[in-house]
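*Asks:* Residue-level listing of the chains:
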Amino acid sequence: MTGLFDFTKTGYLLGHDFVQHALLAAAVLGVVSGVLAPLVVARRMSFAVHGTAELAFTGAAAALLLGASVGAGALAGAIVAALLLGLLGLRDGDRDSVIGAVLAFGLGLGVFFLWLYPGRARNGLSLLVGQVVAIDSTDLTLLAGSAVAVLVVMAMIYRPLLFASVDQDVAVARGVPVRVLSPLFAVLLGVATALGVQTVGALLVMALMVTPGAAAVRVTSNPALTILLAVIFAEVAAVGGIVLSLAPGAPVSTFVTAISFSIYLACRLAGRSRLRRLRV
Amino acid sequence: MSQALQQERHVAAQSAEPRVRLRSARLAYGERVLWDGLDLDVAPGEFLAVLGPNGSGKTSLMRVLLGLQPLSAGSAEIGGEPVQRGSRRIGYVPQQRAVDVTVAVRGRDLVGLGWDGHHWGLGLRGRRERRQRVDAALAAVGAAGYSDRPVGLLSGGEQQRLRVAQALVSDPDVLLCDEPLLSLDLAHQRMVSELIARHARGREAAVLFVTHEINPVLPLVDRVLYLVNGKFRVGRPEEVMTSATLTELYGTPVEVVRVGDRIVVAGAEAVNNGVHHHVEGQP
Numbered sequence: 001m002t003g004l005f006d007f008t009k010t011g012y013l014l015g016h017d018f019v020q021h022a023l024l025a026a027a028v029l030g031v032v033s034g035v036l037a038p039l040v041v042a043r044r045m046s047f048a049v050h051g052t053a054e055l056a057f058t059g060a061a062a063a064l065l066l067g068a069s070v071g072a073g074a075l076a077g078a079i080v081a082a083l084l085l086g087l088l089g090l091r092d093g094d095r096d097s098v099i100g101a102v103l104a105f106g107l108g109l110g111v112f113f114l115w116l117y118p119g120r121a122r123n124g125l126s127l128l129v130g131q132v133v134a135i136d137s138t139d140l141t142l143l144a145g146s147a148v149a150v151l152v153v154m155a156m157i158y159r160p161l162l163f164a165s166v167d168q169d170v171a172v173a174r175g176v177p178v179r180v181l182s183p184l185f186a187v188l189l190g191v192a193t194a195l196g197v198q199t200v201g202a203l204l205v206m207a208l209m210v211t212p213g214a215a216a217v218r219v220t221s222n223p224a225l226t227i228l229l230a231v232i233f234a235e236v237a238a239v240g241g242i243v244l245s246l247a248p249g250a251p252v253s254t255f256v257t258a259i260s261f262s263i264y265l266a267c268r269l270a271g272r273s274r275l276r277r278l279r280v
Numbered sequence: 001m002s003q004a005l006q007q008e009r010h011v012a013a014q015s016a017e018p019r020v021r022l023r024s025a026r027l028a029y030g031e032r033v034l035w036d037g038l039d040l041d042v043a044p045g046e047f048l049a050v051l052g053p054n055g056s057g058k059t060s061l062m063r064v065l066l067g068l069q070p071l072s073a074g075s076a077e078i079g080g081e082p083v084q085r086g087s088r089r090i091g092y093v094p095q096q097r098a099v100d101v102t103v104a105v106r107g108r109d110l111v112g113l114g115w116d117g118h119h120w121g122l123g124l125r126g127r128r129e130r131r132q133r134v135d136a137a138l139a140a141v142g143a144a145g146y147s148d149r150p151v152g153l154l155s156g157g158e159q160q161r162l163r164v165a166q167a168l169v170s171d172p173d174v175l176l177c178d179e180p181l182l183s184l185d186l187a188h189q190r191m192v193s194e195l196i197a198r199h200a201r202g203r204e205a206a207v208l209f210v211t212h213e214i215n216p217v218l219p220l221v222d223r224v225l226y227l228v229n230g231k232f233r234v235g236r237p238e239e240v241m242t243s244a245t246l247t248e249l250y251g252t253p254v255e256v257v258r259v260g261d262r263i264v265v266a267g268a269e270a271v272n273n274g275v276h277h278h279v280e281g282q283p
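Residue numbers (the UniProt record's numbering), protein chains in the order written: chain Y, 1 to 280; chain V, 1 to 283.
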């Protein structure tokens, strides 16, 4: 633990390609998750994000076993999860239990794949808790491409999706295709989650996909501002977490979640006095 | 509104093209017929109350007009054209429901969604017009004072004012209101229904107002559509809300009593399984 605040070591590591790749990946992930997070919160989908992340892990484990790209495997797993959740759990009441059932099975399957894989222990852990050095420039291209795709689709569907999220009945009455938007958003979440699996790992994707949004809605009710704040919070957590993890060589996810959670606590505190003021 | 003015408006309304037109409309789910042979014209500026027990097809009628539920037979038109899903000519006011404080929307966002929430894209180009429209709609319902507060913190009455503004912002030809007074107290019931009636009249919009309780809207109602067990009756309140008519509709003795300016219906509850104040579920 002596290296925890060793900034010379941090500076030295920042000069390396693999670290810069990781920072770039984190920055991309921060934008995507910040944009999605407020709607994840509004649509009460944190558990869905969790379930999707577990299946991204399953996909990544399968890819590892087959010798395919881990990134592509995670992507495939997350999209399968999103479609499954979208198709099985269209009704709100169903969703919770469907996710629970699918998630448990997927995680079990992933563990099985890892057990089959020869170099199991080390790689398995990195998929669950993230490993910055795992990202090479091919992964980075896939990451950036997927991120742009998510953002473009999100810009297209943002207004009707917001409408459907806050006011489903009226949105349906006005002709918003709610039944298309729900699975579509689930797929976007899947893609974003798969991106997160490579940096912060499957188990801790929530720190970026949920917490920044949950923090932002505590301090503002302006939808555009919640997105901006969530992006900033996610960036600070993702990039800051990686930088802090360099010197001690500790898992990235610990730092990302710690920063993310601190922001959340601060926003809750700030939000409490805001609500008191607004209620008067 | 004076008697003479009401008369004059009624005459003017009848000469214009109806906003809503149903012809031989039938809706049935399998064996169960909700209504059949329903002919209905609702004129511009007319306020039609849709009454009836749970499961009589009031909400289904809304869904038909919204293009969400196809008719089993007959035709339904809005503004002279067949109904279609997501028509711009329709404003919709649902019942009040609690909005979570963690859903980040302000009053003005809710109203703005009524203006362009069904459009794809970010809508950056139309922002100025959107703002003007939203501000005007907020001012019209007296909600400008709290338009920047989170919707989840507002009272039921304040939220319903916003919903009326949301429905009016796109200047619809038809206002469909599905139990908008449910869970509001008496003062707010009156305020919201007057708001709906006043603005619909000002803009020549036809109002179809589904409610299980006619009294809060009685002074505003031009005609009543009363649906019971596959039968229906359309007419002015004093024609439909009588012991004879309702007894015939329900097929069991129903007593209609006028107490002051209120109408009390006794006996209909028994047919309705004793549950009068109950939200009608979607079929």
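Rather than coming from a laboratory, the hints here were simulated on the basis of the structure. Mixed in with the good hints there might be a few duds.
What follows is a set of in silico ranges between Cβ atoms, one per label pair, in the way DEER data are often shown [to be verified]: (1) V:E81 with Y:A149: 34 to 40 Å; (2) Y:L278 with V:A244: 49 to 55 Å; (3) Y:G67 with V:L68: 45 to 51 Å; (4) V:A139 with Y:D169: 24 to 30 Å; (5) Y:A149 with V:E129: 55 to 61 Å; (6) V:D100 with Y:A144: 33 to 39 Å; (7) V:S72 with Y:R274: 48 to 54 Å; (8) Y:L87 with V:R88: 43 to 49 Å; (9) V:V264 with Y:R279: 53 to 59 Å; (10) Y:V153 with V:E129: 24 to 30 Å; (11) V:E81 with Y:F105: 36 to 42 Å; (12) Y:M156 with V:E194: 48 to 54 Å.
The beta carbon of each residue, even a glycine, is placed where N, CA and C say it ideally should be.
*Asks:* For which of the previously enumerated hints does the structure constitute a violation, in increasing order of number?
*Replies:* Numbers 5, 8, 9, 11, 12, in rising order.
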